[in-house]
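Colleague: Each chain is listed here by its residues.
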Amino acid sequence: MKDAFGLPQSLLVLGGTSEIALATARRLIARRTRTVWLAGRPSPALDEAAEGLRALGADVRTVAFDALAPESHEAALGKVFAEGDIDLVLLAFGILGDQAHDEQDPVSAVRVAQTNYTGAVSAGLVSAAALQNQGHGSLVVLSSVAGERARRANFIYGSSKAGLDAFAQGLGDALYGTGVHVMVVRPGFVRSRMTAGLAEAPLATTPEAVASAIELGLRRRSETVWVPGALRAVMAAVRHLPRPVFRRLPG
Amino acid sequence: MSADTDTAPVIEWGSVTGWGRTAPTTARLVRPRTYEETAVAVRACGARGSIARGLGRAYGDAAQNAGGAVLDMTGLDRVHAIDVEGGTVLCDAGVSLHRLMEVLLPLGWFVPVTPGTRYVTVGGAIGADIHGKNHHVSGSFTRHVLSLELLTADGRVRTVTPGTPLFEATAGGMGLTGVILTATVRLQPVETSLMSVDTERAADLDDLLARLTATDHRYRYSVAWIDLLARGAATGRAVLTRGDHAPLDALPRRARARRDPLAFRTTRLPAAPASVPEGLLTRTTVGLFNELWFRKAPRSRTGQLQRIPSFFHPLDGVPHWNRIYGPGGFVQYQFAVGHGQEEALRGIVGRISARRCPSFLAVLKRFGDADPGWLSFPVPGWTLALDIPANLPGLGAFLDELDEEVAGAGGRVYLAKDSRLRPELLAAMYPRLADFRALRAELDPDGVFVSDLSRRLDL
Ligand SMILES: Cc1cc2nc3c(=O)[nH]c(=O)nc-3n(C[C@H](O)[C@H](O)[C@H](O)COP(=O)(O)OP(=O)(O)OC[C@H]3O[C@@H](n4cnc5c(N)ncnc54)[C@H](O)[C@@H]3O)c2cc1C
Ligand SMILES: NC(=O)c1ccc[n+]([C@@H]2O[C@H](COP(=O)([O-])OP(=O)(O)OC[C@H]3O[C@@H](n4cnc5c(N)ncnc54)[C@H](OP(=O)(O)O)[C@@H]3O)[C@@H](O)[C@H]2O)c1
Numbered sequence: 001m002k003d004a005f006g007l008p009q010s011l012l013v014l015g016g017t018s019e020i021a022l023a024t025a026r027r028l029i030a031r032r033t034r035t036v037w038l039a040g041r042p043s044p045a046l047d048e049a050a051e052g053l054r055a056l057g058a059d060v061r062t063v064a065f066d067a068l069a070p071e072s073h074e075a076a077l078g079k080v081f082a083e084g085d086i087d088l089v090l091l092a093f094g095i096l097g098d099q100a101h102d103e104q105d106p107v108s109a110v111r112v113a114q115t116n117y118t119g120a121v122s123a124g125l126v127s128a129a130a131l132q133n134q135g136h137g138s139l140v141v142l143s144s145v146a147g148e149r150a151r152r153a154n155f156i157y158g159s160s161k162a163g164l165d166a167f168a169q170g171l172g173d174a175l176y177g178t179g180v181h182v183m184v185v186r187p188g189f190v191r192s193r194m195t196a197g198l199a200e201a202p203l204a205t206t207p208e209a210v211a212s213a214i215e216l217g218l219r220r221r222s223e224t225v226w227v228p229g230a231l232r233a234v235m236a237a238v239r240h241l242p243r244p245v246f247r248r249l250p251g
Numbered sequence: 001m002s003a004d005t006d007t008a009p010v011i012e013w014g015s016v017t018g019w020g021r022t023a024p025t026t027a028r029l030v031r032p033r034t035y036e037e038t039a040v041a042v043r044a045c046g047a048r049g050s051i052a053r054g055l056g057r058a059y060g061d062a063a064q065n066a067g068g069a070v071l072d073m074t075g076l077d078r079v080h081a082i083d084v085e086g087g088t089v090l091c092d093a094g095v096s097l098h099r100l101m102e103v104l105l106p107l108g109w110f111v112p113v114t115p116g117t118r119y120v121t122v123g124g125a126i127g128a129d130i131h132g133k134n135h136h137v138s139g140s141f142t143r144h145v146l147s148l149e150l151l152t153a154d155g156r157v158r159t160v161t162p163g164t165p166l167f168e169a170t171a172g173g174m175g176l177t178g179v180i181l182t183a184t185v186r187l188q189p190v191e192t193s194l195m196s197v198d199t200e201r202a203a204d205l206d207d208l209l210a211r212l213t214a215t216d217h218r219y220r221y222s223v224a225w226i227d228l229l230a231r232g233a234a235t236g237r238a239v240l241t242r243g244d245h246a247p248l249d250a251l252p253r254r255a256r257a258r259r260d261p262l263a264f265r266t267t268r269l270p271a272a273p274a275s276v277p278e279g280l281l282t283r284t285t286v287g288l289f290n291e292l293w294f295r296k297a298p299r300s301r302t303g304q305l306q307r308i309p310s311f312f313h314p315l316d317g318v319p320h321w322n323r324i325y326g327p328g329g330f331v332q333y334q335f336a337v338g339h340g341q342e343e344a345l346r347g348i349v350g351r352i353s354a355r356r357c358p359s360f361l362a363v364l365k366r367f368g369d370a371d372p373g374w375l376s377f378p379v380p381g382w383t384l385a386l387d388i389p390a391n392l393p394g395l396g397a398f399l400d401e402l403d404e405e406v407a408g409a410g411g412r413v414y415l416a417k418d419s420r421l422r423p424e425l426l427a428a429m430y431p432r433l434a435d436f437r438a439l440r441a442e443l444d445p446d447g448v449f450v451s452d453l454s455r456r457l458d459l
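Chains as they are written, first to last, in the UniProt record's numbering: chain U, 1 to 251; chain E, 1 to 459.
Hints are computed from structural coordinates only; laboratory data are not their basis.
Incorrect hints may have been included.
What the hints assert, rightly or not - Heads up, incomplete: computed chain U residues facing chain E, CB under 8 Å, no partners named:
no., residue
1, Met1
2, Leu7
3, Gln9
4, Lys79
5, Phe81
6, Glu83
7, Asp85
8, Ala129
9, Asn133
10, Gly135
11, Thr178
12, Gly179
13, Arg219
14, Ser222
Note that CB positions come from ideal geometry on N, CA and C, so glycine has one too.
Modelling step: build the complete structure from the supplied sequences, incorporating the hints.
Modeller: Laid out in structure tokens, this is it:
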């Protein structure tokens with residue numbers, strides 16, 4: 001169960017090797033989390049991630065999960081929920097893709113969309129149903145500022161996050177009053193494996209900062225969290241820029 | 001056929017919290033009006049079980065059950081029999097102490113123990129084995145329970161009497177042994193409905209502890225309100241209010257009260273507004289309030305006549321006062337440490353003062369002997385309770401540190417107030433926890449009775 005400060009005792013990460021998710025898990029283990037499920041594509045990295053969290057004292061298990069195989073989500077996640085209540089589901093999987101390449105290769109562009117959007121639709125719905133059954137729990141969805149207004153430079157990724165973001169908001173409304181809380185997290189540029197080698201955007205932040213914003217959002221039962229917080233105002237302005245001006249923005 | 005058996009109990013899904021309004025979860029709310037309906041609701045509760053709920057005055061998640069059934073017991077509200085000679089009452093578990101006072105005071109009887117609010121049910125009073133200002137004299141509520149009827153997981157209704165393991169597990173058992181349907185409670189005789197109260201100030205914590213130790217035995221009721229925002233030499237400054245039921249001859253000869261000395265008079269102010277912005281209670285506003293309140297208290301006054309509500313239940317004057325903490329809700333931290341652990345108490349009070357938590361007057365009390373319940377809270381020694389807004393940054397970690405000190409001093413926190421304890425500390429705080437778990441495993445192998453509290457702390 002979550003405590004008075006929204007801190008979970010059990011955590012399910014979808015995208016078990018995500019740097020942001022693992023920073024969040026570490027933070028939560030330092031407070032109340034004892035049980036962690038890392039769902040992801042089986043790999044040495046996944047096992048290593050589990051080992052790292054075990055060293056912090058948590059009881060960690062891995063489960064095979066592929067965002068691109070939605071027909072398997074019910075069974076894979078059902079197995080986790082059958083073992084006991086999950087207080088927090090962190091939907092963290094996602095790929096950035098390679099915009100220039102993907103524009104030339106529609107099939108790989110669609111893979112970005114299928115991972116970030118349709119994969120999340122399926123995993124989100126499966127998780128939501130299980131949480132609703134419990135009568136409690138939070139679903140935290142890692143969206144992105146990139147979804148707030150798709151830019152020339154990464155509109156394939158951006159549009160997939162826009163879809164994910166809209167889906168998660170709607171899901172949150174659908175679950176309002178069921179005891180289940182949906183929180184949409186919109187980080188800006190986060191220094192992680194996903195962005196390694198890319199030029200940093202302004203207001204760049206760290207996985208640890210995202211983790212800390214998630215902890216705060218859980219305490220406040222927030223519905224939307226921007227990281228860093230200043231992005232809320234920045235994006236409110238960017239959102240309303242006229243198209244010709246927006247097109248000329250750098251990056 | 002009566003309406004009672006004709007229709008099914010009211011069922012709806014709803015969001016439930018405790019008095020502190022933190023950690024809401026959703027459950028099927030069932031409001032049985034008969035014992036049969038209660039039994040049906042328990043039998044039909046499904047995989048996520050059920051838990052009894054009284055008036056929801058426990059601060060945390062004790063009377064919540066996410067995804068399962070929450071049985072609102074306030075529909076079982078009959079007072080069945082009063083023995084006016086012997087001073088006992090047999091009533092349903094959903095009857096409130098407020099109602100008992102209304103019924104009993106005109107007959108010259110009072111409840112044996114009342115908490116800081118009279119809007120608690122008899123079931124809740126047993127479930128948390130509550131204590132009052134008279135704990136040093138009278139012990140906890142269940143010491144005055146002569147017998148109770150308990151609906152257990154197997155669907156049986158058992159008569160449970162003191163001295164048996166089932167009684168000791170149920171007293172303070174947080175509803176986890178079953179649903180209490182009725183109880184027979186021994187009462188306290190009174191001549192009037194007024195209290196005779198002595199008030200004095202204590203300059204600091206040591207002064208306070210010395211006064212309580214030296215003279216508490218002279219009073220049936222005793223409590224100290226302590227200002228945890230005061231610092232330096234004034235750390236732990238407090239106002240003691242102690243007293244007893246006023247005897248008839250203490251009332252002024254021609255006073256109105258003389259004509260009807262047992263009348264139960266209450267007044268309630270308008271309720272606190274339903275929505276209060278975050279951050280109304282800050283260190284400054286609360287500190288100001290505490291300062292005014294301390295200065296307003298007489299340095300010393302004896303024999304003042306007060307009504308029962310103003311002596312016992314000042315907060316009940318403002319319905320829904322818990323809303324003033326805003327949407328973030330609040331946490332009440334209440335712990336107890338034994339006699340001889342004054343150093344630990346000093347340390348904790350010092351830390352709370354130094355941390356400058358915006359906490360209204362906290363309550364300090366000296367406990368008497370321990371009570372029979374395996375999970376009963378009181379230990380002979382000291383207890384301190386304070387309210388803190390839940391959105392105070394770093395509060396969780398701070399309270400974790402206090403827990404360590406409390407546990408290190410052999411003390412414990414009160415489950416009826418808890419919403420955040422780390423489960424690992426529970427066994428150290430409650431040495432009979434293993435017995436409690438074993439009894440539950442045998443009595444309720446399928447886990448029919450569960451609550452958010454029992455899930456969180458693995459009770
Ligand atoms: C302003 C205020 C002051 C307080 N002061 C004190 C105090 O001085 N001393 C003190 O000890 N406590 C105090 N309390 C706490 C309160 O007395 C307890 O939490 C009490 O249990 C609340 O009773 P309730 O009927 O509201 O029960 P709830 O809060 O609804 O439930 C509390 C527990 O009792 C169980 N329960 C309720 N009914 C039944 C039943 N029929 N059968 C089995 N289990 C049942 C529930 O499952 C739950 O575990 C105070 C609370 C407030 C809000
Ligand atoms: N980094 C940023 O700047 C940034 C900014 C805003 C939002 N976000 C979002 O935050 C989330 C986490 O990002 P991160 O920075 O932690 O990146 P990361 O370390 O690269 O993590 C991405 C995760 O997604 C998983 N994944 C990818 N495809 C998958 C699939 N088909 N099935 C299952 N899992 C799959 C990866 O698992 P494998 O190990 O199997 O590849 C990895 O665990 C992502 O949704 C990302 O879009 C990131």
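Colleague: Out of the numbered hints, which ones does the structure contradict?
Modeller: 4, 5, 6, 8 and 14
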